[in-house]
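Given the structure of chain A, go ahead and fit chain B onto it with the hints provided.
Chains as they are written, first to last, in the working numbering: chain A, 566 to 783; chain B, 566 to 783.
Think of the hints as simulated: they come from the structure by calculation, not from any bench.
Treat the hints with care, since some could be wrong.
Computed Cβ-Cβ distance ranges for the label pairs, DEER-style [said to hold, decoys possible]:
id, chain 1, residue 1, chain 2, residue 2, range
1, B, Ser733, A, Val574, 30 to 38 angstroms
2, B, Glu681, A, Glu760, 52 to 60 angstroms
3, B, Ala764, A, Trp709, 26 to 34 angstroms
4, A, Leu637, B, Ser576, 55 to 63 angstroms
5, B, Leu637, A, Glu673, 32 to 40 angstroms
6, A, Trp709, B, Arg775, 31 to 39 angstroms
Model, not experiment: these values are computed from the prediction.
C-beta atoms are modelled at their ideal positions from N, C-alpha and C, and glycine is treated no differently.
2 protein chains.
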Amino acid sequence: MDISEYLPVWSRLTEKEQDVLRKNASLHRVSAGEAIGGGAGKCTGLFVVTEGQIRAYLISESGKEFTLFRLLNRDLCLFSASCMMNSFQSDIMVKAERDSSFWLIPAEVYRTLMEESVVISNFTNEILANRMSEIIWLMEQHMWTSFDCRLAAFLLEESALEASDRLSVTHEEIAGHLGTAREVVTRMLKHFRSEGYVALSRGFVEIKDRKGLQAAYL
Amino acid sequence: MDISEYLPVWSRLTEKEQDVLRKNASLHRVSAGEAIGGGAGKCTGLFVVTEGQIRAYLISESGKEFTLFRLLNRDLCLFSASCMMNSFQSDIMVKAERDSSFWLIPAEVYRTLMEESVVISNFTNEILANRMSEIIWLMEQHMWTSFDCRLAAFLLEESALEASDRLSVTHEEIAGHLGTAREVVTRMLKHFRSEGYVALSRGFVEIKDRKGLQAAYL
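Pulled out of the complex, with its shape left as it was, chain A reads as follows (with noise of 0.2 angstroms):
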């Protein structure tokens, strides 16, 4: 496993900047539950993940949580390197959601790279703009989807990322990702129940019609 095979545009680097990227890359391990970065002063680095699973995700003052995204295998993270970009205040919360392993490349020496290197800077472009896109996205969705559907395409999501229609999750937790109180979650949790949509006990959800949820609310 290389760092190579995790950048895209690798091929299109000099090999100076390969060899800056080999030198100073390393891999690290982080236990499901764990902080990577984010959040305000910090500054580790951009990584990219190579198994596991991270979420990015914003703390209100009163501790409220809300989702931006999920990391997978080959994804790209740059707001645990924000402090890379002058212009970036945002204070995003990095944790691993799963055992995940990752290539981190320091802050200092991303930065670097990309004042030099036009491959580099436009690859960064690339993934600000895809993420940029994604938080519109979410937002619209926040704004104005009602919050059913964004509770149903939410089970169905997770349900496709653990391959399985039995989650583990908490309602607390739902209420987390969807940025919303968790009395909120479960007066929906019990109406799918009613509507045989899904199944609840402790620590669980269980999707019982999968399209019966789809059909409602997609």
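Below, chain B alone, put in the same frame as chain A:
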């Protein structure tokens, strides 16, 4: 008035790049209410405002609006050139709020410069990162700040932009800025009136007690 004054990285460009920009940038005027670009399938180019006030906003399928940001003198808008970035998929609308002028750099010209110049590419990164922080901030406001506070902040901001206590704005327009329904705006404005913070008349909201409004909601 020259394009060189409006691009902060001008002095770091090569003579050839400066030449390309001078030859291809053109000065445009639009009237208040005129659409500039944005939306599916349109790709005008990148522009820099030289005068006036331009609004970038989202619009839902059912026609609801939500203001992302305002562009004033020297502000630069990338979204009207979103086709320059393969990864950017959102439809952002851009419209003049007052009679405005701007320098327009055609999308393909900017794209070529960005692919060749590390200065322009990094400059673009900074703009993107900056917009992204603003959008995330806005999203946090939308999720975690109650509507009364958001409305109070909007009125005070609008008053600063218009340099007046008397704002020429309908409840419908406010709803469009804040991504909510007109009824919600009307109800809260009536509450503000009952507290003596504002006076309401057809097409106008007048701030009567600025300090009170700030103290209560900011």
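Please write out, lowest number first, the hints stated earlier that are contradicted by the structure.
-> 1, 4
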